Amino acid sequence: MGNLSRRETLVLGASGAALVVMWKPAHAGPPEAAAAIAKFTGGKTAQAGKIAIDLPEVAENGSIVPLAVSVAAPMAADDYVSEVLVIAEHNPFPEVVKFNFTPLSGKAEVATRIRLAATQNVTVLAKTSKGAFFTAQKMVKVTVGGCGG
Amino acid sequence: MAEGPRLKVPTQAKKGEIVEIKTLILHVMESGQRKDEKGKPIPRKIINKFTCTFNGKPVFSADMEPAVAANPYFQFFAKVEESGTFKFSWTDDDGTVTTAERKIAVSG
Chain R
3 MGNLSRRETL
13 VLGASGAALV
23 VMWKPAHAGP
33 PEAAAAIAKF
43 TGGKTAQAGK
53 IAIDLPEVAE
63 NGSIVPLAVS
73 VAAPMAADDY
83 VSEVLVIAEH
93 NPFPEVVKFN
103 FTPLSGKAEV
113 ATRIRLAATQ
123 NVTVLAKTSK
133 GAFFTAQKMV
143 KVTVGGCGG
Chain Y
3 MAEGPRLKVP
13 TQAKKGEIVE
23 IKTLILHVME
33 SGQRKDEKGK
43 PIPRKIINKF
53 TCTFNGKPVF
63 SADMEPAVAA
73 NPYFQFFAKV
83 EESGTFKFSW
93 TDDDGTVTTA
103 ERKIAVSG
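These protein sequence lines are chains R and Y, in that order.
Each residue of the first sequence is one higher than the last, beginning at 3 in the working numbering.
Each residue of the second sequence is one higher than the last, beginning at 3 in the working numbering.
Any given hint could turn out to be false.
Said to hold, decoys possible - In silico lysine-lysine, BS3-like type, Cα no more than 30 Å apart, as pairs:
| no. | chain 1 | residue 1 | chain 2 | residue 2 |
| --- | --- | --- | --- | --- |
| 1 | R | K143 | Y | K89 |
| 2 | Y | K89 | Y | K17 |
| 3 | R | K109 | Y | K24 |
| 4 | Y | K16 | R | K52 |
| 5 | R | K41 | Y | K51 |
| 6 | Y | K47 | R | K143 |
| 7 | R | K109 | Y | K105 |
| 8 | R | K100 | Y | K51 |
| 9 | R | K132 | R | K109 |
| 10 | Y | K47 | R | K41 |
Rather than coming from a laboratory, the hints here were simulated on the basis of the structure.
These figures come from a predicted structure and were not determined experimentally.
Given only the sequences and the hints, what does the whole structure look like? Please build it.
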């Protein structure tokens, strides 16, 4: 990068400070995440598997992290993925988004963009119309997070 | 404020085909975590619900929290058996609902 002029250093510092002021939440933790998960499953155990999570290993900007989820399960009228819940255990609130599918969805697949406050596990849970639950997890390292690192 | 939904929906498909839909709406998604220059918390104001129906039947929806990134984007699928209209809606915390529609011609 070379030597920064004093002006460049000031500008960098100011924008860094602005970033920190902008998004400095308290963090939730594993207990809050577990409670949110238990609420979704009604206390039932979720089986590992069936869910593919597409998330970067390293998120350069925690304000906009691309996420794709795909559940390898039928979408028939009498047996389909009905809900998918995304949990970020160290965000201020663990629930990120809940997707609701119907047989008309054709596929239980969705892509979106989420905010991650800090390096953490992202857990995805899927519920089927028959009351079965599946789960998968992915760790994301967040470089410039919600919390300024 | 929500502005200009942008949609990518096919205009035609074959009966039974699963089509891909992309949606984007411009919205700050104020999380409620930020503070202004005086240190005062900026209140939460987000789009908390997105829905997609086809000919009146639910296809896909999302219950959204502040951790959905600004300018909410969703890419999802719909299985079409007949021609008709997709209707999309985005609901703000303040109750405002933004809607959009797209028609699709389904053959075969």
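Hints, verified against the model:
1. K143(R) / K89(Y): Between K143(R) and K89(Y) the Cα gap is close to 37 Å, so the pair fails against 30 Å, i.e. violated.
2. K89(Y) / K17(Y): With Cα atoms ~19 Å apart, K89(Y) and K17(Y) stay inside 30 Å; holds.
3. K109(R) / K24(Y): 14 Å, holds
4. K16(Y) / K52(R): At roughly 28 Å apart (the allowed maximum being 30 Å), K52(R) and K16(Y) satisfy the hint.
5. K41(R) / K51(Y): Distance of about 20 Å is within 30 Å: holds.
6. K47(Y) / K143(R): 27 Å, holds
7. K109(R) / K105(Y): Distance ~20 Å between K109(R) and K105(Y) Cα, so the pair holds.
8. K100(R) / K51(Y): 10 Å, holds
9. K132(R) / K109(R): Distance of about 17 Å is within 30 Å: holds.
10. K47(Y) / K41(R): 25 Å, holds
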